[in-house]
Amino acid sequence: MVHETPILEARDLRKTYRLGRARVPVLRGADLAVARGEFVAVLGASGSGKSTLLHLLGGLDRPDGADADSGVFFEGQNLARFSESALNAYRRRSVGFVFQFYHLLPELTVLENVMLGAMVGRGRLGYLRERAAVRAGASELLDALGIGRLSHRRPRALSGGERQRAAIARALVNHPPVLLADEPTGNLDRATGAVILDSLAEVRDRLGQTIVMVTHDPAIADRADRAVEIVDGVVRRHAGVI
Amino acid sequence: MYQSLLTRRYLTSRVMPLLAALAVMLCTAMVLIVWSVMSGFLASLLASGRTMMGDAAVTWPVSGIPHYEDLMSRLEAEPEIATTTPTIETLALVGLPDGEPRIWRLIGVDGESYDRVTAYRDTIWWKPIDRPLPKDRERLDPRLTIGGEYLAHALTLTEPDPATGAPRPAVVPGLWATGYNQRAPGGVAIPRFRFMPDEEVTISVLPISQRGAAIDVKARRFPIANEFQTGLYEVDANTALIRLDAVQEMLGMDAAERVTGFDPFSVDGAGDRFVEPEPAGVDPARVTTVMVRAAEGFTPEEARAAAQRAYAGFAAAHGPGVPDPSFVRIYTWQERDGVRTFIAAVKKEIALTVTLFGFISLTAVFLVFAIFWSMVSDKVKDIGILRALGASRPGVAWLFLRYGAVVGLVGSALGGAAAWVIVTNINPIHDWLGAALGITVWDPSIYYFPEIPSRVDPAAAALVLAGGVAFSVVGALAPAIKAARLDPVRALRYE
Numbered sequence: 001m002v003h004e005t006p007i008l009e010a011r012d013l014r015k016t017y018r019l020g021r022a023r024v025p026v027l028r029g030a031d032l033a034v035a036r037g038e039f040v041a042v043l044g045a046s047g048s049g050k051s052t053l054l055h056l057l058g059g060l061d062r063p064d065g066a067d068a069d070s071g072v073f074f075e076g077q078n079l080a081r082f083s084e085s086a087l088n089a090y091r092r093r094s095v096g097f098v099f100q101f102y103h104l105l106p107e108l109t110v111l112e113n114v115m116l117g118a119m120v121g122r123g124r125l126g127y128l129r130e131r132a133a134v135r136a137g138a139s140e141l142l143d144a145l146g147i148g149r150l151s152h153r154r155p156r157a158l159s160g161g162e163r164q165r166a167a168i169a170r171a172l173v174n175h176p177p178v179l180l181a182d183e184p185t186g187n188l189d190r191a192t193g194a195v196i197l198d199s200l201a202e203v204r205d206r207l208g209q210t211i212v213m214v215t216h217d218p219a220i221a222d223r224a225d226r227a228v229e230i231v232d233g234v235v236r237r238h239a240g241v242i
Numbered sequence: 243m244y245q246s247l248l249t250r251r252y253l254t255s256r257v258m259p260l261l262a263a264l265a266v267m268l269c270t271a272m273v274l275i276v277w278s279v280m281s282g283f284l285a286s287l288l289a290s291g292r293t294m295m296g297d298a299a300v301t302w303p304v305s306g307i308p309h310y311e312d313l314m315s316r317l318e319a320e321p322e323i324a325t326t327t328p329t330i331e332t333l334a335l336v337g338l339p340d341g342e343p344r345i346w347r348l349i350g351v352d353g354e355s356y357d358r359v360t361a362y363r364d365t366i367w368w369k370p371i372d373r374p375l376p377k378d379r380e381r382l383d384p385r386l387t388i389g390g391e392y393l394a395h396a397l398t399l400t401e402p403d404p405a406t407g408a409p410r411p412a413v414v415p416g417l418w419a420t421g422y423n424q425r426a427p428g429g430v431a432i433p434r435f436r437f438m439p440d441e442e443v444t445i446s447v448l449p450i451s452q453r454g455a456a457i458d459v460k461a462r463r464f465p466i467a468n469e470f471q472t473g474l475y476e477v478d479a480n481t482a483l484i485r486l487d488a489v490q491e492m493l494g495m496d497a498a499e500r501v502t503g504f505d506p507f508s509v510d511g512a513g514d515r516f517v518e519p520e521p522a523g524v525d526p527a528r529v530t531t532v533m534v535r536a537a538e539g540f541t542p543e544e545a546r547a548a549a550q551r552a553y554a555g556f557a558a559a560h561g562p563g564v565p566d567p568s569f570v571r572i573y574t575w576q577e578r579d580g581v582r583t584f585i586a587a588v589k590k591e592i593a594l595t596v597t598l599f600g601f602i603s604l605t606a607v608f609l610v611f612a613i614f615w616s617m618v619s620d621k622v623k624d625i626g627i628l629r630a631l632g633a634s635r636p637g638v639a640w641l642f643l644r645y646g647a648v649v650g651l652v653g654s655a656l657g658g659a660a661a662w663v664i665v666t667n668i669n670p671i672h673d674w675l676g677a678a679l680g681i682t683v684w685d686p687s688i689y690y691f692p693e694i695p696s697r698v699d700p701a702a703a704a705l706v707l708a709g710g711v712a713f714s715v716v717g718a719l720a721p722a723i724k725a726a727r728l729d730p731v732r733a734l735r736y737e
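Just so you know, the sequences run in chain order A and B.
Here the first sequence stands for residues 1 to 242, numbered as in our numbering.
Here the second sequence stands for residues 243 to 737, numbered as in our numbering.
Possibly wrong hints are sitting among the right ones.
Across the chosen pairs, the derived CB separations fall in these ranges [said to hold, decoys possible]:
hint: 1; chain 1: A; residue 1: Asp143; chain 2: B; residue 2: Pro700; range: 47 to 55 Å
hint: 2; chain 1: B; residue 1: Ser255; chain 2: A; residue 2: Glu202; range: 28 to 36 Å
hint: 3; chain 1: B; residue 1: Ser255; chain 2: A; residue 2: His216; range: 33 to 41 Å
hint: 4; chain 1: B; residue 1: Ser255; chain 2: A; residue 2: Asp232; range: 55 to 63 Å
hint: 5; chain 1: B; residue 1: Arg251; chain 2: A; residue 2: Pro25; range: 38 to 46 Å
hint: 6; chain 1: A; residue 1: Leu207; chain 2: B; residue 2: Ser255; range: 27 to 35 Å
Selected chain A positions facing chain B (in silico; Cβ < 10 Å) [claimed, not checked]:
hint: 7; residue: Asp12
hint: 8; residue: Ser48
hint: 9; residue: Ser51
hint: 10; residue: Gly58
hint: 11; residue: Asp61
hint: 12; residue: Glu84
hint: 13; residue: Ser85
hint: 14; residue: Phe101
hint: 15; residue: Leu108
hint: 16; residue: Leu116
hint: 17; residue: Ala118
hint: 18; residue: Gly123
hint: 19; residue: Gly126
hint: 20; residue: Asn187
In case anyone wonders, no lab produced these hints; they're calculated from the structure.
Small disclaimer: the values here were computed from a predicted structure and weren't measured.
Idealized CB from N, CA, C, for every residue including glycine.
Chain A with its partners taken away, still in its complex shape (with noise of 0.2 Å):
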């Protein structure tokens, strides 16, 4: 299943945060390399920069001084030359996010914030013209995650399970080769948690998605294919690795 080119590869990688005055480094230098269809997991203790390298990743935010060496690689080419048009395509249609506290929107019904992932990007007549396909799809999302009945609800009437999966369809929607899920289970209890990693297990199986996921639980990072960790800004690999 494991593919040996990386789909997506951090070389290097730099970010520092200002605090007021103060400038704290977060990664110093982090390497990373995702094999296509691969399930990573990112330990690390809070703080450590687990989000921040899933940020960069996913193209949400630029890492410091990347040049033609650093940076992140998205099936090798280096996001740092992206203009911004084309940095918005990658997060669109290369990437979906999946967070720890599910970020639906709470206008919107669960079919509606999982459809919202495909009107973003699209004209009006663009969408008019395949939005009998995306409503098929993104039902057939809540379906094979179990919360197709729940498709006509508001994010407030589901339980914390319901909403990451509903997150989970949002972040697929698309069809993104990549998989970007932070603390996805953080929110849960341990019986739900293992239910999204089931639901993510499932999907990686069905539809060969490349997941990195970050958690600060070596219990759940045992899920994965292979764990890294970050210590001290830099990716180490996890002792605890099956």
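For chain A, the structure is supplied; the task is to place chain B on it using the hints.
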């Protein structure tokens, strides 16, 4: 596409945008109401002025224009002119039946032709009506019971002599010129103490020589044939119409025999008889003004140009016996003394008032700005999610601009509807305020018209409504830029 969905949902699920829409509604309604009332005032002014004056006029005051019948024929031969009427205008001291003196602007008219040039027939008040006015529930209006003779008398400006039955010249004053009528609720004029068409007044005029000197006061009693109402309070309270030949005679402007050789000390050869003067012809009757009504499809300005042409021919035909074309005044009704200045002043006042209220409406921009700024702060996480899903910065800005436009559209539509309801019921609302709270804003003696006029100009309304949308979009601009510039990572981490 997502902007459309989110705009709909944000609009219907939150109170804040409705408050912004309410601000826009109040501002658009306020500007529309003010503009409509001011425009209505101007429109009523223009309509009433034209009602009394026709489209254009040829005037030579004091000594008047002789051979005016020929002038009228020449004017009516012009294709731009439909018809004409001769008038004389002068000031009169009037003694009312109870002895109270008044000063009226007295206009001598030929009823039949005056009606053709102006809308005189429509302004005549005492004529039979079939049904009471909508608010005259108690059927107080005397017009429900009077006969048609009052209308006939008004049109001819005559009353039959009680002794002989022969017609005699009569006067038709404005409805509020005597003070004997009072306005009952619903626009009904109720005579108090006296019913004027059954009364007589004494009219005194002062003939003026060609050099401007007063000659002698002429006074005469006239029956009142009827009363008129143009709707222009100033006219209805100070003007009276009188039969043309009567006022010509009083002012010495009627046709008269011209004589030569008159010497009061000359006697014949026998010394027992004065020498009779030799007849030398007839001085024609004169009028001070010939009013003109433009033919269908021609403007007052075109009628005026035609009148200038016609007068040039008239002057050439009669030579020095008629006023020189260089000095005679030929003007449209809007160019009449005082009217042009007054209309220009009203137009400027409208522009000034609307501009001021427009500036006041800028508060809507700040309200929308404040509300949208707060909403963007409230929606930081949503913005982060949208950016994570691949939404561009301009796309996020457009979401809030579009939202602002929709809020403006809703506010403007509601404001337009509110303004429509208020403007179309402004007089009942005013009456109610007067009855319930004792507030009387509209005093007809100050504002010319007995009721608050209003006119909704569709173009002006469209401009105000579009302005409401534009103000809303302008108010949403800075919050939209703020939303677009939000760092998506910070937005997602925002608590």
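Here is how each hint holds up against the structure:
no., hint, result
1, A/Asp143 - B/Pro700: 47 to 55 Å, "53 Å, holds"
2, B/Ser255 - A/Glu202: 28 to 36 Å, "34 Å, holds"
3, B/Ser255 - A/His216: 33 to 41 Å, "35 Å, holds"
4, B/Ser255 - A/Asp232: 55 to 63 Å, "46 Å, violated"
5, B/Arg251 - A/Pro25: 38 to 46 Å, "41 Å, holds"
6, A/Leu207 - B/Ser255: 27 to 35 Å, "34 Å, holds"
7, Asp12, "20 Å, violated"
8, Ser48, "15 Å, violated"
9, Ser51, "8 Å, holds"
10, Gly58, "7 Å, holds"
11, Asp61, "5 Å, holds"
12, Glu84, "7 Å, holds"
13, Ser85, "6 Å, holds"
14, Phe101, "9 Å, holds"
15, Leu108, "6 Å, holds"
16, Leu116, "6 Å, holds"
17, Ala118, "9 Å, holds"
18, Gly123, "7 Å, holds"
19, Gly126, "8 Å, holds"
20, Asn187, "14 Å, violated"
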